[in-house]
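Participant: Same order as they appear, the protein sequences are chains D and A.
When we follow the numbering used here, the leftmost residue of the first sequence carries the number 1, and every step to the right adds one.
When we follow the numbering used here, the leftmost residue of the second sequence carries the number 1, and every step to the right adds one.
Just so you know, not all the hints are guaranteed correct.
[What the hints assert, rightly or not] Listed next, the in silico DSS-like pairs over lysine-lysine satisfying Cα-Cα at most 25 Å (straight line):
#	chain 1	residue 1	chain 2	residue 2
1	D	K58	A	K21
2	D	K9	A	K199
3	A	K260	D	K43
[Claimed, not checked] Partner residues are not named here, just some residues of chain D that face chain A (Cβ under 10 Å, in silico):
#	residue
4	I62
5	C75
6	I106
7	K189
8	K193
Treat the hints as calculated values from the structure; they're not laboratory data.
Only a predicted model underlies this, so the values are computations on that prediction, with no experimental measurement involved.
Built from N, CA and C at the ideal position, the CB exists for glycine as well.
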Amino acid sequence: MQAVFTRPKTLKDTPTHFCPGCTHGIAHRIVAEVIDELSIREKTIGIPGVGCCVFLYKYLDIDVLEAPHGRAPACATGMKRVLPDRIIFAYQGDGDMASIGTAEVIHAANRGENITVIYINNSVYGMTGGQMAPTTLLGQQTTTTPYGRNFRTEGYPIRMAEMLATLEGVAYSARVALHKPKYVMQAKKAVEKAFTMQINEMGFSVVEMLSTCNTNWRVSPTEAIDKLENEMIPYFPLGVFKERTGKDFL
Amino acid sequence: MRVLTKGNIALAEGAIQAGCKFYFGYPITPQNDIPEYLAKHLPRVGGTFIPAESEIASINMILGASAAGARAMTSSSGPGISLMQEGFSYLAGSELPAVIVNIMRIGPGLGGIAPTQGDYNQAVHGGGHGDYRNIVLAPASCQEMFDLTIKAFELADKYRNPAMILADAMVGQFQEPCRLTPKDPVIIPQKPWALTGAKGRPAQLIKSLFLGPGEMEIHNLDLKKKYDTMEQNEVMYETRHLDDADIMIIAFGTPSRIAKTAIQFLRQEGVRAGLLRPITLFPFPSKAIHEYSRRIHKVLVVEMNTGQMLRDVQLACHNGTKVYFYGRPGGGIPYPDDIMAQVKKIL
Ligand SMILES: Cc1ncc(C[n+]2csc(CCOP(=O)(O)OP(=O)(O)O)c2C)c(N)n1
Ligand code: SF4
Chain D
1 MQAVFTRPKT
11 LKDTPTHFCP
21 GCTHGIAHRI
31 VAEVIDELSI
41 REKTIGIPGV
51 GCCVFLYKYL
61 DIDVLEAPHG
71 RAPACATGMK
81 RVLPDRIIFA
91 YQGDGDMASI
101 GTAEVIHAAN
111 RGENITVIYI
121 NNSVYGMTGG
131 QMAPTTLLGQ
141 QTTTTPYGRN
151 FRTEGYPIRM
161 AEMLATLEGV
171 AYSARVALHK
181 PKYVMQAKKA
191 VEKAFTMQIN
201 EMGFSVVEML
211 STCNTNWRVS
221 PTEAIDKLEN
231 EMIPYFPLGV
241 FKERTGKDFL
Chain A
1 MRVLTKGNIA
11 LAEGAIQAGC
21 KFYFGYPITP
31 QNDIPEYLAK
41 HLPRVGGTFI
51 PAESEIASIN
61 MILGASAAGA
71 RAMTSSSGPG
81 ISLMQEGFSY
91 LAGSELPAVI
101 VNIMRIGPGL
111 GGIAPTQGDY
121 NQAVHGGGHG
131 DYRNIVLAPA
141 SCQEMFDLTI
151 KAFELADKYR
161 NPAMILADAM
171 VGQFQEPCRL
181 TPKDPVIIPQ
191 KPWALTGAKG
201 RPAQLIKSLF
211 LGPGEMEIHN
221 LDLKKKYDTM
231 EQNEVMYETR
241 HLDDADIMII
251 AFGTPSRIAK
261 TAIQFLRQEG
271 VRAGLLRPIT
281 LFPFPSKAIH
291 EYSRRIHKVL
301 VVEMNTGQML
311 RDVQLACHNG
321 TKVYFYGRPG
331 GGIPYPDDIM
341 AQVKKIL
C-alpha cells in the first residue's frame, strides 16, 4: 500500500496543547513540511515569541530559542549575525509581533535581516484569555473591548503584512489563511517562498497567517472558520504585498 | 607597553581582546565611546556591530547571539539599562552568558550625565523579575576597565550567566596609562549547549519557561547553587592598610580611589585608616568584611548615592561594628577632605 499522507520528519509525534479547532497547529505542520522539503532541518533554528506559539519546541524537532514577548526578531537578528548560513525564523502571534514587538519587527525588516517571520494573526491575545490585540476587528468583542472595538477609543486593526511591505529591507511579505484546504496549500507555498528567499539571502521575509481562536472568539470551530472567511479576510486581504526578484537592495 | 587611554576605550578594547565579536547597542551618554570604538574596530577582527533601534532590541540581539554560542556585549547607562532588565532576567533564566556594561549616570528618571553609583541596587539586587543574580564587577581604573572586561567574559561563560561591568562615569571618562593586552591568554570555552542547528545531534532548546509542577522551583534551586558557587570561588576585593586600622573605609569605583588619597593624608596625621574595596559586587565580599569587622569596629561606607551598598555592608559586618555612611548622590564627588572630615568625626 502506498502512503499518501505521513507525518513530516520535522514534526514530532506528540499530543497538541492547542485548543481543538485552533489553526496554530496547521501553521506548525506547514513549517515542518517546508523544512523537510527544503532539506534544511539540520540547519534551521526556530524562535517562538510568547503566546500560544511558545511551545514550538514541543512540536518541531529543531533547535529552538524561546524569546521574550515581542523580541523574537531581535533575537533572530543577533543569532543570524553569528550564524549567517543557518535558516532562522521567528514564530509570533499578533499580540507578540504587532503590539509589544512592533519596533523589533519593523527594524529587523528595515535592516533587511535575512530571517523569516511566521506571523499568526488571530485578532486576539490567545494565551492570556482573549484580550484585544492590535488586530482585533472593529466591533469585535474581547475581554478588554466588552462593547466591541471602537476606532475612536481603540484605533484601527493594524495590517502588518502591508506595512512591512513598504520597507526596503523586506524581500517578501504575504498574507495567507489557514482555515480551509485551498488556503492551506497557498499558505504552504508562501512559507516555502519565504524560506527560499532566506536561503537565497534576499533579505527579510514575513508570512502573515490568518488563524482562528475559536476559544477566545467564543464560537465553535466551524463558526470560527466562517468568521475568518467572512469577517477577517475582508479587512485583511490575502495576497503577496512584496516580492523582491533581484538580490540587489536599493 | 602602556598607552594613555580613556576608561571606556580600555573597556571596549578589552572586549575585543576577550574575543567578543558581537556588539549591539543604542547611544546614551556617558558611554558613547564604547559603541563608537567598537563600530570602528570590530570589523578589523571580523566582528559585527549593530546600532540597534533600542536597548530592548540590543539586549535581545545579545540573547540571540549568545544562544548561538558567541561572545556578545552591550553597553548603556541608567535609563537604557532599565530597559534591558527584562532581557537580563531572560538571560539568567535561560542560563546564557553575556556581558553588559553600565557606565552609570545620575538618576532617577532622565537625571543627568554626571557620575554616580545610583544603580548599585538595580545591578546587584535585581532590576529584572524573578530570582536571579547578575555577576557584577566594579572597576576603579582604566586598567581594570580592560582587565575586568576580559574577566567578565570568562565568568559569564563559566557560569552561563550575565555579567555586568558597573562603573561610574568618572571611571569611564578619565585617562590613565594602561596596558591593552591581556595578562593571561584568553581562552574561549567550547559551548556544546549552543543552538547551531541540529546537525548530527538531537535538537536543543534554550528557554526560561518552566510550567510543570515544581519545575521552576528546581530550576531556581539549581540557579541558587550556581550563585553559591560564585560566592565560594569568585569574590574579588582589594585591601589597603587594614592590618593596624582603627577604621575601615569601604568603597568601590571612583570613591575608593578618593578614599585611598584620604587614607594617605590621614596616616600622615597619625590616623590609622584602611580601605576595603569590593571588586565583585556580586558575589559580595561579605566574609572578608565580616572578618575584618571583628577587629575593626568602625566602618565608613562611602558611595556616590544615598547608601545602597551600605545595606550589604551592614549585613556583612560583625555584630559589634558601628557602620557609618557618607554619600554624594547628585553627581558630586566625595573629596579627600570630605572623607577625612567624616573619619575624624567618627574616631
Ligand atoms: C512583557 C510581557 N507582557 C505580557 C505578557 C503576557 N502575555 C503572554 S502571551 C500574551 C499575548 C499573546 O498573544 P498573541 O501574540 O496574539 O498570541 P496567541 O496567544 O494569540 O497565539 C501576553 C500579553 C508577557 N508574557 N510578557
Ligand atoms: S487560545 Fe486561541 S490561539 Fe491559543 S490555542 Fe486556543 S484557540 Fe489557539
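Participant: Each hint: holds or not?
Facilitator: Verification of the supplied hints:
With a C-alpha separation of about 32 Å, the suggested pairing of K58(D) with K21(A) is violated against the 25 Å cut-off. Distance check on the hinted pair: K9(D) and K199(A) sit about 14 Å apart at the alpha-carbon level, within 25 Å; holds. Of the pairs offered as hints, the one joining K260(A) and K43(D) is violated, with about 55 Å between alpha carbons and a cut-off of 25 Å exceeded. Contact between I62(D) and chain A, as hinted, is supported at the beta carbon level, the nearest pair being about 5 Å apart and thus within 10 Å.
At about 4 Å, the closest approach between the beta carbon of C75(D) and any beta carbon in chain A falls short of 10 Å, and the interface hint on this residue holds. With a least beta-carbon distance of about 8 Å to chain A, the hint placing I106(D) at the interface is held under the 10 Å criterion. Contact between K189(D) and chain A, as hinted, is not supported at the beta carbon level, the nearest pair being about 24 Å apart and thus beyond 10 Å. Checking K193(D) against chain A by beta carbon gives a least distance of about 21 Å; that is not within 10 Å, so the hint is violated.
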